[in-house]
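K.L.:
For reference, the chains in residue letters:
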Amino acid sequence: MAKQRMKFTFPPDLVTQPLIYNMGKEFHVVTNIRRANVSRDRGWMILEISGGDAEIERAVTWAKDQGVRVDPIEGDIVAG
Amino acid sequence: MDAVSSRSANGVGTGGATVRGLQCRECGQMYPTEPIHVCELCFGPLEVAYDYDAIGNRISREQIAQGPSSLWRYKLLLPIEGDRIVDSQAGFTPLVRAHNLGRALGLRNLYVKNDTVNPTFSFKDRPVSIASTKAVEFGFDTLACASTGNLAGAVAAHAAIAGLKACIFIPADLEPSKIVGAQAYNPTLVAVDGNYDDVNRVCSEIAEEYRWAFVNINMRPYYSEGSKTLAYEVSEQLGWRIPDHAIVPIASGSLFTKVWKGFGELVKLGLTSPGTPRMTGAQALGCSPVVTAYDGHTLNVEPVKPKTIAKSLAIGNPADGYYSLRIIKESGGVACAVDDGEIVEGIKLLARTEGIFAETAGGVTIGVLKKLAESGVIDPDELVVAYVTGNGLKTQEALTGALIEPIQVRPSLRAIEEALALRAEPAAAVA
Ligand SMILES: Cc1ncc(COP(=O)(O)O)c(C=O)c1O
Ligand SMILES: [Zn+2]
Chain V
18 MAKQRMKFTF PPDLVTQPLI YNMGKEFHVV TNIRRANVSR DRGWMILEIS GGDAEIERAV
78 TWAKDQGVRV DPIEGDIVAG
Chain Z
170 MDAVSSRSAN GVGTGGATVR GLQCRECGQM YPTEPIHVCE LCFGPLEVAY DYDAIGNRIS
230 REQIAQGPSS LWRYKLLLPI EGDRIVDSQA GFTPLVRAHN LGRALGLRNL YVKNDTVNPT
290 FSFKDRPVSI ASTKAVEFGF DTLACASTGN LAGAVAAHAA IAGLKACIFI PADLEPSKIV
350 GAQAYNPTLV AVDGNYDDVN RVCSEIAEEY RWAFVNINMR PYYSEGSKTL AYEVSEQLGW
410 RIPDHAIVPI ASGSLFTKVW KGFGELVKLG LTSPGTPRMT GAQALGCSPV VTAYDGHTLN
470 VEPVKPKTIA KSLAIGNPAD GYYSLRIIKE SGGVACAVDD GEIVEGIKLL ARTEGIFAET
530 AGGVTIGVLK KLAESGVIDP DELVVAYVTG NGLKTQEALT GALIEPIQVR PSLRAIEEAL
590 ALRAEPAAAV A
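Residue numbers (the numbering used here), protein chains in the order written: chain V, 18 to 97; chain Z, 170 to 600.
Hints are supplied without guarantee of correctness; some may be wrong.
Straight-line distance between alpha carbons at most 20 Å, and here's what the computed DMTMM-like set of lysine to aspartate or glutamate pairs gives [stated by the list, open to error]:
id, chain 1, residue 1, chain 2, residue 2
1, Z, Lys517, Z, Glu574
2, V, Lys81, Z, Glu374
3, V, Lys20, Z, Glu377
4, V, Lys81, Z, Glu250
5, Z, Lys476, Z, Glu566
6, Z, Lys476, Z, Glu434
7, Z, Lys540, Z, Glu574
8, V, Lys20, Z, Glu551
9, V, Lys81, Z, Asp367
10, Z, Lys347, Z, Asp509
11, Z, Lys474, V, Asp82
12, Z, Lys517, Z, Glu566
13, Z, Lys334, Z, Glu378
14, Z, Lys476, Z, Asp367
15, Z, Lys437, Z, Asp366
16, Z, Lys437, Z, Asp413
17, Z, Lys540, Z, Asp413
18, V, Lys20, Z, Glu374
19, Z, Lys498, Z, Glu574
20, V, Lys81, Z, Glu471
21, V, Lys20, Z, Glu471
22, Z, Lys437, Z, Asp222
23, Z, Lys430, Z, Asp222
24, V, Lys42, V, Asp70
25, V, Lys20, Z, Glu209
26, Z, Lys476, Z, Asp508
27, V, Lys20, V, Glu72
28, Z, Lys476, Z, Asp509
29, V, Lys81, V, Asp70
30, V, Lys81, V, Asp30
Please keep in mind that the hints were generated in silico from the structure rather than gathered at the bench.
Isolated chain V (complex conformation) (with noise of 0.2 Å):
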C-alpha cells in the first residue's frame, strides 16, 4: 500500500462533476481530501491516495485525462 499527497487543481468544467467519487469507483484507491477551495468557477483539493503504486499512477492519469492540473503539495521545486 503506497500513499500519495498531491494537489488536484480544477478548471472551470470539472468543478461541479463528481470527479472524486467517480475515480474511486474506477480505481482501487482511497482518497482522503484534506483541504479544499471550490468556488463557482474553480476549485483545487489538497488529498491523500492510497492504494498500490500501480493503480495510483493509473488513477493520476486518468484525472489529468479528465483535466485536472495534478501536482506536488509543495508547489514547484525545480528553483532558479
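Knowing the structure of chain V, use the given hints to seat chain Z with the ligands on it.
P.N.:
Chain Z with the ligands in isolation, oriented as in the chain V frame:
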C-alpha cells in the same frame, strides 16, 4: 574562522531554547523541530515558531553588533539548536544609498540591498546556510536540491564546506553552462529526463523516500528562515529603522514572506521603532502568477508555464504565492511585473547608475521600481529598499545584443584619437 565552526557565532551559546517548534501555517498544530515540512493533519506547510520572550531576554542591538560580519550575527533569531554552524560567511552585504539611481527615478530616499556579493553570488547562500547547518544538526550525510541555477550553486558550495555529499537535480534540457557555477564544487549532478512537471513530481517523491536533506522540501521550514536576515541587515544598516517600502522579487514567494516576517520580529522585540514596510512583489511578466492574482483581486494563484529570461524567478506554481498575496494586501504594497525588455533595461540602469551588475532577477526588481516610481505608486520621499538578489555574471547571455559594442581601432595613437574624437574636443582631453 573555521569553515564549519564549532564555536558558537556571536558568543551566544545554545542554552535556553529560543525555538518552540514547527507550527502549521494553516491549522496551527505544533510539531517538534525535525526534518519535516508538512502538517500531518491538513497537509499545510510548517513554519518555525519562536519563543520571543526568551529571545528578547538575550538579544540587543549591542549583542548583535558584537557578532560576526555575516548573517550569523542574528543567530538568536535563527532556528539553530546545535553548536556547529556551516559558515560560508554569507550575508552582511552592502546597503547602498542609491543617489544616482534615485535621481534618475525621482526618488529621494532610495537604497539598494546589494546581495549579489554573497559567496556564491546570490541571496540563496542565506537560506542554504541555515538548511546546511540544520542538515548537519539532524545528522544527514547528503544535501540535495532541484535547481537550474542559483540554488544549485549555493547547495553545492555549502555541502563542500560542511563535508556533506551534494546531489543536484536538473531538467535534462538545461544548457550545461547554466550549471557550471554549481559543478565547480563537485556535486553529484542528475539530469532528469522529462518535462518540468515530471521533474517537480519525481523530486517530491525522492524527498519522501530517501533520507536526504532536500533544502527546499523537507528542510524548507529552516531553509526559508535564512531569508529573514535580509530584513534584519537592512534595518540595522538603516540605523535600526524599518523602511517605508521594500521591493522584493518573487519566485516561490519564500524570500518575500520571510523579509516581512523579519521586519515584524524586529518590531516585536523592540529592536526597532514600530512600523511596517509596504511590501511590493516583483515578477517577470513571462512568469507572473502572483501579479495576475493580485490584479484579479484574488488570493488564488493559478499556476502558469514560465517563459521569461528571468530564469531564476521562473516558478509557475509558487508554494508561497498565497501567503505573499496576503502580505501585499495587509502591508499596502502592490504586485507588479515587467517584460523581458524592461528587465534588460533594469539591469543596465542599475549598472550605469550604481555600478552594480545584477542578474535578471535584479533587472526585475529595478524594472518594477522604475515602473512604480514613474506611475507614482512610490512616493518620491518614501524610504525605499530595492532587493537585488543575484549577480549579473550568472546571466550574461540575457544582455546579448543589448550592450554597446567595443570601438575597433588600429594600434596607433592617431587612430585612437580619431575614433574617440579626442582632437575635436581638446577641452575633454586629459588635463
Ligand atoms: C536571484 C534570485 N532572487 C530571488 C529569488 C526568489 O526566491 P523565492 O523562491 O524565495 O521567491 C530567487 C529564487 O531562485 C533567485 O535566484
Ligand atoms: Zn495543519
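K.L.:
All hints, please: hold or fail.
P.N.:
Going through the hints against the structure:
| no. | hint | result |
| --- | --- | --- |
| 1 | Lys517/Z x Glu574/Z | 14 Å, holds |
| 2 | Lys81/V x Glu374/Z | 18 Å, holds |
| 3 | Lys20/V x Glu377/Z | 11 Å, holds |
| 4 | Lys81/V x Glu250/Z | 43 Å, violated |
| 5 | Lys476/Z x Glu566/Z | 16 Å, holds |
| 6 | Lys476/Z x Glu434/Z | 36 Å, violated |
| 7 | Lys540/Z x Glu574/Z | 28 Å, violated |
| 8 | Lys20/V x Glu551/Z | 51 Å, violated |
| 9 | Lys81/V x Asp367/Z | 13 Å, holds |
| 10 | Lys347/Z x Asp509/Z | 19 Å, holds |
| 11 | Lys474/Z x Asp82/V | 19 Å, holds |
| 12 | Lys517/Z x Glu566/Z | 13 Å, holds |
| 13 | Lys334/Z x Glu378/Z | 17 Å, holds |
| 14 | Lys476/Z x Asp367/Z | 18 Å, holds |
| 15 | Lys437/Z x Asp366/Z | 40 Å, violated |
| 16 | Lys437/Z x Asp413/Z | 17 Å, holds |
| 17 | Lys540/Z x Asp413/Z | 18 Å, holds |
| 18 | Lys20/V x Glu374/Z | 11 Å, holds |
| 19 | Lys498/Z x Glu574/Z | 44 Å, violated |
| 20 | Lys81/V x Glu471/Z | 16 Å, holds |
| 21 | Lys20/V x Glu471/Z | 26 Å, violated |
| 22 | Lys437/Z x Asp222/Z | 10 Å, holds |
| 23 | Lys430/Z x Asp222/Z | 17 Å, holds |
| 24 | Lys42/V x Asp70/V | 17 Å, holds |
| 25 | Lys20/V x Glu209/Z | 13 Å, holds |
| 26 | Lys476/Z x Asp508/Z | 10 Å, holds |
| 27 | Lys20/V x Glu72/V | 11 Å, holds |
| 28 | Lys476/Z x Asp509/Z | 10 Å, holds |
| 29 | Lys81/V x Asp70/V | 17 Å, holds |
| 30 | Lys81/V x Asp30/V | 14 Å, holds |
When the structure is compared with the earlier hints, violations turn up for hints 4, 6, 7, 8, 15, 19 and 21 and for no others.
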